[in-house]
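Engineer: From these two lone chains plus the hints, build me the complex, please.
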Amino acid sequence: MTAPSIATAAPARGTSPIAKKPRLRVPHARSVLIFLLPFGVLFALFYLLPIGYAVYQSLLVVERDGTFGPPVEVFGGLTQYIAVFQNEAFWSSVGRVLAFGIVQVPVMLGVALVLALLLDSPLVKGKKFFRLAYFVPYAVPGVIAAIMWGYLYSPNLSPFSALTSEVSFLSPDFVLWSIANVVTWVYVGYNMLIIYSSLLSIPGEIYEAAKLDGASQLQIALRIKIPLVVPAITLTAIFSIIGTLQLLAEPQVFRSFTSSVSSTFTPNMAVYATSAVPNVNLAAAMSVVLALATFAMSFAFLKFTQRKAEK
Amino acid sequence: MSATLSAPARRGDEDGTPDASRSGRKPRAPREKLMSRTAAMIVMVVSCFYFLLPVWWLFVSSTKSREQFGSTNGFLLADFNLFQNIGDLFAYNDGIYLRWMLNSVLYAGAGALIGTLISAMAGYALAKYRFPGRELVFNVVLGGVLVPATALALPLFLIFSQVGATNTFWSVFLPSLVNPFGVYLARIYASASVPDELLEASRLDGSGEVRTFFTIARKLMTPALVTIFLFQFVAIWNNFFLPLIMLRDESLFPVTLGLYTWNSQVNQIPEIRTYVIIGAFVSIIPLVIAFLSLQRFWQSGLGSGSVK
Chain B
1 MTAPSIATAA PARGTSPIAK KPRLRVPHAR SVLIFLLPFG VLFALFYLLP IGYAVYQSLL
61 VVERDGTFGP PVEVFGGLTQ YIAVFQNEAF WSSVGRVLAF GIVQVPVMLG VALVLALLLD
121 SPLVKGKKFF RLAYFVPYAV PGVIAAIMWG YLYSPNLSPF SALTSEVSFL SPDFVLWSIA
181 NVVTWVYVGY NMLIIYSSLL SIPGEIYEAA KLDGASQLQI ALRIKIPLVV PAITLTAIFS
241 IIGTLQLLAE PQVFRSFTSS VSSTFTPNMA VYATSAVPNV NLAAAMSVVL ALATFAMSFA
301 FLKFTQRKAE K
Chain R
1 MSATLSAPAR RGDEDGTPDA SRSGRKPRAP REKLMSRTAA MIVMVVSCFY FLLPVWWLFV
61 SSTKSREQFG STNGFLLADF NLFQNIGDLF AYNDGIYLRW MLNSVLYAGA GALIGTLISA
121 MAGYALAKYR FPGRELVFNV VLGGVLVPAT ALALPLFLIF SQVGATNTFW SVFLPSLVNP
181 FGVYLARIYA SASVPDELLE ASRLDGSGEV RTFFTIARKL MTPALVTIFL FQFVAIWNNF
241 FLPLIMLRDE SLFPVTLGLY TWNSQVNQIP EIRTYVIIGA FVSIIPLVIA FLSLQRFWQS
301 GLGSGSVK
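Chains B and R are the protein sequences, given in the same order. Numbered according to this note's numbering, the first sequence spans residues 1 to 311. Numbered according to this note's numbering, the second sequence spans residues 1 to 308.
Same shape as in the complex, but just chain R (with noise of 0.2 Å):
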């Protein structure tokens, strides 16, 4: 392909060097292209404080005192007391709040961990094994993708009160397990990356098919793994509507119920408002490092979800 592509068009620029249509806009090109190149970077830069300005706002607000938050400059730092605010949003009715991270990372952590090997291993049964009814299972789950999350809050809130459970751990864990798109992810990761050769050579040495997803396909799998692990975790963490509806117990609740609890409290209870802002910033720093960290990895499973 590279071959027949480039070597006429390689003639072609040969052919048309001594051109005077050609060598007339030479001159020219050096400022065009760096006017273009300024206005591109323009607009760069205006996206970049555009993105980043709230979140700067958001952590030099976490840092000032009471009294400095109404009277100073949103975006300039004052006295940095970043450390004793933590400290005091910490210890704010009984921890309350940290209860509320590690409600959302073990929402978040422990349900996006499991989600992700069950979706995975529906994906890769999907793509790599022949069975009567596989494209029906398939579209099944597909049409879930279209499915609305929050569409199925109300009613996963009636059955769990048929059973009596609304109000509890599982109540939201047990939902949050199910990513159709996360199948959908690995299918198709599954069959452009695990050769069938492979899975015939393992199965000569005499492995066990459970076995050979374990040993091999996970591994080959994995920017797919991390991608739909990392987005089902975000997704998780993000989830309002099903805590919402199901949880009544703040012990229960992730920061995310937690912090808009406390915020829709602010006109009655004012002292509030500084733990909302600082817990705002504490609640978004595990995220961030999650996606520094596993950036080689989503970043290149990410655009695997629109190849066809």
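Looking at chain B on its own, in the form it has when it is part of the complex (with noise of 0.2 Å):
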């Protein structure tokens, strides 16, 4: 195995003078192909392909001969992107995602976390009980969280109604923390757990040693284990700072209990209201802009965590 792959390393990295001999084949070359050809052709066609499709229709603008001509897709340049940039409520829901995201993840992540920790620690007893207690949330899809979650805050429905005919939680001020609170009860416990196998893979002998020096629980929670967790933690919060900005099953449902969330409320729902105009090109403008916001944002926070791990 090792002798041919050495020798076709060379050629992947440069056709440089080192290459002599008449044509190094790649070992198993047809495997290979039959292993990632499904994959790489559903992978082309369902994500390549649409993201080509949508920047190229969001290059276009419709044009009418006159006022009853018929309408003529045209090459519009950046016509779409700069209407995508005055488009106020557009900006307006990514800034209604961003406030959401800031509290949310942070919070989501904080509770994740300390769950794990004390699910972690010696103190606490019934922890497989615990555990997939806290994940049940996991397996209520958005949509049944976000009608299950309208009926308990609903003012007179609820079962908490002493509660909910006081506060409105579904008034405009309130929507989107109530929305934020559904989100956060679904994906409180998956994100624990991803925290806690990457705790239970620290080998035990670090904490013996560490124990034996004296160190409280706290101390090892705080000195050992939160920063031999951090990749997990990164790899969460990316998940859900994605998750965040496609906010769309939640604030959609709560549109039937409540009129405080607009049809424009997140930038997903901003990209169906628009497409349902319809407004196909503005709409893909909209999604490539949320796509490319996704990427970067992610890969900004990636590149942030890995830096400061560096120092």
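Wrong hints could be hidden among the right ones.
[What the hints assert, rightly or not] Calculated cross-link-like contacts (lysine to aspartate or glutamate; reagent style DMTMM-like; alpha-carbon spacing at most 25 Å):
1. K125/B to E208/B
2. K211/B to D79/R
3. K127/B to E208/B
4. K125/B to E32/R
5. K127/B to E32/R
[As the list claims (entries may be wrong)] The calculated label-pair distances, taken between Cβ atoms and stated as ranges, are:
6. V41/B to D94/R: 50 to 60 Å
7. L34/R to S259/B: 30 to 40 Å
8. K211/B to T38/R: 12 to 22 Å
9. L53/R to S168/B: 15 to 25 Å
10. L200/B to V105/R: 27 to 37 Å
11. G95/R to V41/B: 30 to 40 Å
12. R30/B to L142/R: 43 to 53 Å
13. V230/B to Q84/R: 44 to 54 Å
14. L53/R to V41/B: 41 to 51 Å
15. Q265/R to K211/B: 24 to 34 Å
16. R307/B to Q162/R: 35 to 45 Å
The set of hints was computed from the structure by calculation and includes no laboratory data. C-beta: ideal position from N, C-alpha, C; glycine also.
Structural biologist: Here it is in structure tokens:
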């Protein structure tokens, strides 16, 4: 295995003078192709092609010959992007999910981290039960969770009506945070499990040494455990950032409980509402902006934490 | 590693026992421990209520008749009408609810099964073979992890409408098969758990590469495969934007989209509210069962994503 693979590694790096031999064959090229082809084809068709097509559509504008002429799509350069940047509804939806993310993601990951550390500490009994109990909401789809909480928030149908008739959880000022609670409820257990399984992979001897040195459980958690699970927290943070910018199902469901959620409440809802107008080209430009922003933010976050870890 | 670390530590402890400062702390320790134990358990139990009460409420509500839903305490059982309610739900509108459940099982079950297989094959190839462009392929796939799936929903709709295939089963099913994160997980897991020596040995035994994957590597990768399957299953089951944008025909809806449309009709058709609640309860049962029965697999596989 090793001998032929080293030989093939060379031409891959560059066709430098070393490549004197006629042509080096990749070992098992056919099998590699068989393994990669199904995913590759589907990835190209349903990932790369849509991205390309969205970019293409976003560069078109619809023009008419006079007022009653047939609509024609013509190349419009960055016209749609200018329209996106001037679209106030879109930007207020972006502002809304950013505010949402800045508050909800740290709260959710903080709770997940605390619960994971408690589960991993010797202080807690019945770990297996708690672990499963916390994970149950993850099995509830966002749409269903939003329907459930919609009833729990409602002023007259809620079992907490003593509270919900006083505090209006569905008012325009409050509804964003009511949605944040739904998202937190669903995902805390999932994130907790990712962090917890990363805690389990830390070898026990490390704690033994610290314990015998007189470190308390809190010190062990702060000084040893948290630094070692930073990669897991980074992973959950990236997924949470992506999820936040994609927010759609929960607010869309809340529209049937309250009028405080507009049809352009989040960027994805704005895309949906715009495509239904129909203004497909503008919606495509919004999709591209949103995808780029998501990509950039999670990439920047990844680089930022990597640099911090190197220091 | 363990020997070098624990030996000096143990010695330090023996030295420390007669030390005044340590022996002075000793009697206080049990009470402190009891306090932090109690505090920890309080946090755990309170969180437990937060996570489980809404589900309990949903269960209790689906056992109640329409009249009792509004008039009795939401957390306490009244007359137990669960099975009659489920019967009504399944009969409503020519059994459209069962159709939705079946659709969801098909989209998510078959989609995750095929999706896991192709992710595993791709991840395995990226882990175990050297070929030109391997890193490039992997980086493109990794970039795919960071592209939000909902950003693809609209362009996918546009493409499918170009070929006249919107509002079909395939328009939701095919895009769901692609799971770049699954490839990433499979690659990490394959390079950690499938030893090269084993592949070499099976090559000497005359086994073809593809056969080796299906007989040997697949078994070694099982925890990762179950994890990929389960999370792709959940992702497809929960998917909302793609079916929302693709489907018009009610009989193709997954259960999430179906319940969403019912819920938005509650103001016009008030009796539908009961069906929304019972339908929501019934729809989460399959996932809860799947997670509970497969937990020994996914709990071990879940951590592998963050290991570098």
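Engineer: Work down the list of hints and note, for each, if the structure agrees.
Structural biologist: Here is how each hint holds up against the structure:
1. K125/B to E208/B: Since the Cα atoms of K125/B and E208/B sit roughly 20 Å apart, the hinted pair holds (cutoff 25 Å).
2. K211/B to D79/R: violated (55 Å)
3. K127/B to E208/B: Holds: K127/B and E208/B sit about 21 Å apart, inside 25 Å.
4. K125/B to E32/R: Satisfied, since the Cα-Cα distance of roughly 17 Å is no more than 25 Å.
5. K127/B to E32/R: holds (21 Å)
6. V41/B to D94/R: 50 to 60 Å: violated (38 Å)
7. L34/R to S259/B: 30 to 40 Å: violated (52 Å)
8. K211/B to T38/R: 12 to 22 Å: holds (21 Å)
9. L53/R to S168/B: 15 to 25 Å: holds (21 Å)
10. L200/B to V105/R: 27 to 37 Å: Holds, since L200/B and V105/R (Cβ atoms, about 32 Å apart) stay within the stated range.
11. G95/R to V41/B: 30 to 40 Å: holds (37 Å)
12. R30/B to L142/R: 43 to 53 Å: violated (25 Å)
13. V230/B to Q84/R: 44 to 54 Å: holds (53 Å)
14. L53/R to V41/B: 41 to 51 Å: holds (46 Å)
15. Q265/R to K211/B: 24 to 34 Å: Distance hint for Q265/R, K211/B is violated at roughly 60 Å.
16. R307/B to Q162/R: 35 to 45 Å: The hint (35 to 45 Å, Cβ to Cβ) holds, given that R307/B and Q162/R are roughly 44 Å apart.
In this structure, the hints that do not hold are numbers 2, 6, 7, 12, 15, in rising order.
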